[in-house]
Amino acid sequence: MNSNAFWHFLTLQLIKERSKHLSVIFISMMILFLLSSVLFISSSIRFSLEETLKVQPDFVVSRIQGGTAVPTPVKWSDELLDIYGVSQVTPRVYGRYFFEPKRKSFLLVGVDFMEEQSHQKLQTLIDKTDIKAFFEGKQMLVGQGVKDYLETHFYKDAYNFLTPEGKFEKVTIFNTLPSQTNLISNEMIVLPIDLARKILGYTEDEVSDIIFNVPNTDEWDMMTDKLSALHYDIHVVNKKEVEKSYANLYNYKGGVFLILFLILLFTFALILYQRYSMVYSTERRHIGLLRALGWSINAVLRFKFTETIVVVSVSYILGVLFAYLYVFVLGAPLLSQIFLGGDNLTNDVHFVPVLDFSVLSSIFLIYALPFIASVLIPVWKVSVTDPKEAML
Amino acid sequence: MMNEVFLSNQVIVFLLSESTLFSLLFIAFVVSFKILLKWDFESFTPYQFTLERQAYLVSTIIYFVFIMKFILIVYFIFTIDVLSLLVPGAMCAAGVITANDYGSYLLILKLTILFFLTLWFYVHYYDMRTKNHLWFKQKSLLFSSIFLMILLELILDFSYFSHIDTQIPVNCCSTLFGQLEGANPLPFGLSINMLLILFYLLYALMILTIKSSQTLLYIIANILFVYIAYYAVVYFFGTYVYQLPTHKCPFCMMQAEYFYIGYVLWGSLFLATYMGISNALTTLLMGKNHTRSQINVAYLLSLFVLLCTAYVAVYYIKNGVLL
Amino acid sequence: MMIQIENLYRTFHHGGNEVPVLKDINLNIKKGECVVLTGVSGSGKTTLLSLIAGLDKPSSGKVLIEGEPISKLPDLFASELRAKKIGMIFQHFNLFEHLTVNENVTVPLIPSGLKMKEIQTKVDAALNLANIRHKKETQAGRLSGGEKQRTAIARALVADPNIILCDEPTANLDRDNSLLFIEIVKELHSLGKTIVIATHDPLFDNLDFNSTIIPMLDGKIVEEFNDE
Chain A
1 MNSNAFWHFL
11 TLQLIKERSK
21 HLSVIFISMM
31 ILFLLSSVLF
41 ISSSIRFSLE
51 ETLKVQPDFV
61 VSRIQGGTAV
71 PTPVKWSDEL
81 LDIYGVSQVT
91 PRVYGRYFFE
101 PKRKSFLLVG
111 VDFMEEQSHQ
121 KLQTLIDKTD
131 IKAFFEGKQM
141 LVGQGVKDYL
151 ETHFYKDAYN
161 FLTPEGKFEK
171 VTIFNTLPSQ
181 TNLISNEMIV
191 LPIDLARKIL
201 GYTEDEVSDI
211 IFNVPNTDEW
221 DMMTDKLSAL
231 HYDIHVVNKK
241 EVEKSYANLY
251 NYKGGVFLIL
261 FLILLFTFAL
271 ILYQRYSMVY
281 STERRHIGLL
291 RALGWSINAV
301 LRFKFTETIV
311 VVSVSYILGV
321 LFAYLYVFVL
331 GAPLLSQIFL
341 GGDNLTNDVH
351 FVPVLDFSVL
361 SSIFLIYALP
371 FIASVLIPVW
381 KVSVTDPKEA
391 ML
Chain B
393 MMNEVFLSNQ
403 VIVFLLSEST
413 LFSLLFIAFV
423 VSFKILLKWD
433 FESFTPYQFT
443 LERQAYLVST
453 IIYFVFIMKF
463 ILIVYFIFTI
473 DVLSLLVPGA
483 MCAAGVITAN
493 DYGSYLLILK
503 LTILFFLTLW
513 FYVHYYDMRT
523 KNHLWFKQKS
533 LLFSSIFLMI
543 LLELILDFSY
553 FSHIDTQIPV
563 NCCSTLFGQL
573 EGANPLPFGL
583 SINMLLILFY
593 LLYALMILTI
603 KSSQTLLYII
613 ANILFVYIAY
623 YAVVYFFGTY
633 VYQLPTHKCP
643 FCMMQAEYFY
653 IGYVLWGSLF
663 LATYMGISNA
673 LTTLLMGKNH
683 TRSQINVAYL
693 LSLFVLLCTA
703 YVAVYYIKNG
713 VLL
Chain C
716 MMIQIENLYR
726 TFHHGGNEVP
736 VLKDINLNIK
746 KGECVVLTGV
756 SGSGKTTLLS
766 LIAGLDKPSS
776 GKVLIEGEPI
786 SKLPDLFASE
796 LRAKKIGMIF
806 QHFNLFEHLT
816 VNENVTVPLI
826 PSGLKMKEIQ
836 TKVDAALNLA
846 NIRHKKETQA
856 GRLSGGEKQR
866 TAIARALVAD
876 PNIILCDEPT
886 ANLDRDNSLL
896 FIEIVKELHS
906 LGKTIVIATH
916 DPLFDNLDFN
926 STIIPMLDGK
936 IVEEFNDE
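Chains as they are written, first to last, in our numbering: chain A, 1 to 392; chain B, 393 to 715; chain C, 716 to 943.
Just chain A, same shape as in the assembly (with noise of 0.2 Å):
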């Protein structure tokens, strides 16, 4: 078929059924463009995670009694120091703190400012940081979620703490975490270590959990025993899990919502075999007639799938689109709350653009497939007309 003559014709058919296309396309693009959003959004934050995982430790020790996280005994510290290839050995001080009982909670995280962090990104927050002026007074960073929390409760600069003894520890603001770590860092409060053990009610020499890098990957394995055969109640995680379980997460979250999506799709497809049934004589006689012209079967059939592929391939560039737009530009309003949970602080976090080939590709072929297969038999019995009916 000559490209040029072809394409000029199937544009004017395009053009003389447009409103049947046109229908078609618009409910195509807001399938599109729901799917879309939500599989940016996952694929985002699965982005931003693991970019964030990155720079985490590769493995944390604590101290567990009864299935739950006890302080941990910082002397561990000396004893991890002590194995072959582990490297980096920090205790951690961090924990929840309730701003009333049952209400909103702040993730409060203890740094010994005058450490080497093995957190690259707090390392560079500390080098940013103006240690002396901090270090004038109790004084804390917050993350942006928390920042506006206390400013609504009235509190503007600085905030009183509770201790577990019963005393107020005022702690004024320092600063706000940059706003790209909002992810993480919304609900967070970065402290030194000494005033965050006060506050969460640890001793000297208690700390949440101990951190540590080990280089060689092929002896975390072997790591996780030795850690295990040290104290009856230790507890190892270390990072490739996290990693599995950040993915199932988001996997599980999409899953779903892709299966109940499934049902959605299902009745697009039902539609759609019937909107592509419904036949009416003029497009019949139109069929019979380039069939009376000399146009054989394949060359109709080709015609009619060309058609079909205009139609699905504009809805979806538009769908996604509009989703890219909607996701990365506008920050997905309404939709990424139900990704980020917004059960604690709510958090204005702004997605990263993350558009892969997994992604793009997904979407064509839950799309694309489906919608080409449930017309493909209406599209076959008009193709078939008798050149005959032409001749009505």
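Any given hint could turn out to be false.
[Unchecked claim] Footprint (simulated), chain B over chain C, 3 or more residues, beta carbon under 8 Å:
{"no.": "1", "stretch": "768 to 774"}
{"no.": "2", "stretch": "907 to 918"}
[As the list claims (entries may be wrong)] With a Cα cut of at most 25 Å, we get these calculated BS3-like pairs of lysine-lysine:
{"no.": "3", "chain 1": "A", "residue 1": "K388", "chain 2": "C", "residue 2": "K935"}
{"no.": "4", "chain 1": "B", "residue 1": "K523", "chain 2": "C", "residue 2": "K799"}
{"no.": "5", "chain 1": "C", "residue 1": "K777", "chain 2": "C", "residue 2": "K799"}
{"no.": "6", "chain 1": "B", "residue 1": "K680", "chain 2": "C", "residue 2": "K787"}
{"no.": "7", "chain 1": "C", "residue 1": "K746", "chain 2": "C", "residue 2": "K837"}
{"no.": "8", "chain 1": "C", "residue 1": "K777", "chain 2": "B", "residue 2": "K523"}
{"no.": "9", "chain 1": "A", "residue 1": "K381", "chain 2": "B", "residue 2": "K430"}
{"no.": "10", "chain 1": "A", "residue 1": "K388", "chain 2": "B", "residue 2": "K523"}
{"no.": "11", "chain 1": "B", "residue 1": "K529", "chain 2": "A", "residue 2": "K381"}
{"no.": "12", "chain 1": "C", "residue 1": "K851", "chain 2": "C", "residue 2": "K799"}
{"no.": "13", "chain 1": "A", "residue 1": "K16", "chain 2": "C", "residue 2": "K851"}
{"no.": "14", "chain 1": "C", "residue 1": "K777", "chain 2": "C", "residue 2": "K787"}
{"no.": "15", "chain 1": "C", "residue 1": "K787", "chain 2": "B", "residue 2": "K523"}
{"no.": "16", "chain 1": "A", "residue 1": "K381", "chain 2": "C", "residue 2": "K787"}
{"no.": "17", "chain 1": "A", "residue 1": "K381", "chain 2": "B", "residue 2": "K426"}
Derived from the structure by calculation, the hints contain no laboratory data. None of the values given here were measured: they were computed from a predicted structure. Every residue gets a Cβ at the ideal spot worked out from N, C-alpha and C, and that includes glycine.
Given chain A, put chains B and C in place with the hints provided.
For chains B and C alone, coordinates are given in the frame of chain A:
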């Protein structure tokens, strides 16, 4: 847990696509079976004319399935590569494919189905150009066989994905393809040099016989070439793609860090094989020949060989030594 | 022999009833001949025409075009025949109303594999022959009856077929346009085309060029005689 695998986006999309294609193919099979029973091309009855129209439905469905199967095998490889994140010990698709017994059989079955679909296309092409549908019955029987293979494929698809255990570690490619205890993994006890000589010789033989009347020789050469080429790529050329003499894997080269070159390499080899053998078989059994096909096959084979050679050449030019 | 028809039967099936429309038609049409099938509505002339064109399939019998049996040809061959050897002019013109004259005449050549330039050359030649080139860019829906007829003629001629089939060509035309049509037929006849016209218009009873009138009644050919 089986759930983790089944809930991954790619697996859902993949299984949905395979199921949709199977449903269409089932319709085609039922129609084709009915046509095969009652087909009488010389007859003038309205029923025969209806059957002729329905034959177009069958060929349209097969055409659509044909295109989608090629797309889906790429997506399948891509999916299992992504799954390597969930499966402990797997660094690429190699580990995931061997996560259970079904994987390797499934992959081989998929590659076989693609060949038979290509063959069906060649037979269909020639059948449509006869005045009395000379090969209609043979074509229909071939399709019936393909349908049964695809039924098996669908069962294997679900079995494979449902038996991937994300708790049990698998072997990564270095274990699967590495040379353990000095044992020679190459076929026929060949050395690497002999393997390469055979590789290039077979390529030359194919190029020489592709347009000649020696179709049987071509078919044998092609089948042998695929077998030898597999080992040549995994145990020699691949190491130049990875620039590491110990990295032997047919799958890692399909990852982003190697610019997905694996898809081009394996794609050109298999496409050339499918078209080459299909064309040779139709020449042998039906006396029909397609020159354009032969030219395309020659181009694809050359692309494959050139690409393999280029990796070695570039490495040598850059470093002055071979691995 | 251009067109040979042997023992042709066509029976329609309507709700369990069999309606024989053509009964035992035997006809030979030579190359360059002009044949006029006459008869009242229901005599079977349109059905016969559609069988010659390969648009319909007979219940039994044979239709041969240039010695080639066309009734049981697979679609690929049948459509090629229609595209290259037969030009059809329909009773109701059957143009694509939303397309221009030029675009309408292009339609039969789209699957041919020819380049756009070659197609346009052929289209221009056909438009000239049918004397409708001046209306090239006019939408078909806006043409008069006569202009539509000439567009249909151009479309039938664009692939330079040897056979032209016309089904009631003057049924929707006034007398002047009908006469114009007959002039075009005369010219086509002089170019050596084989022409078959199915009509009940008495204007065709006395053509001033060599033609054969074949009356039909009740699905059969009544008799055959030459018009001198």
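Evaluation of the provided hints:
| no. | hint | in the structure |
| --- | --- | --- |
| 1 | 768 to 774 | holds (count 3) |
| 2 | 907 to 918 | violated (count 0) |
| 3 | A/K388 - C/K935 | 21 Å, holds |
| 4 | B/K523 - C/K799 | 17 Å, holds |
| 5 | C/K777 - C/K799 | 20 Å, holds |
| 6 | B/K680 - C/K787 | 23 Å, holds |
| 7 | C/K746 - C/K837 | 23 Å, holds |
| 8 | C/K777 - B/K523 | 15 Å, holds |
| 9 | A/K381 - B/K430 | 20 Å, holds |
| 10 | A/K388 - B/K523 | 21 Å, holds |
| 11 | B/K529 - A/K381 | 23 Å, holds |
| 12 | C/K851 - C/K799 | 23 Å, holds |
| 13 | A/K16 - C/K851 | 20 Å, holds |
| 14 | C/K777 - C/K787 | 9 Å, holds |
| 15 | C/K787 - B/K523 | 8 Å, holds |
| 16 | A/K381 - C/K787 | 21 Å, holds |
| 17 | A/K381 - B/K426 | 18 Å, holds |
Comparing the model with each earlier hint shows a violation of hint 2 alone; every other hint is respected.
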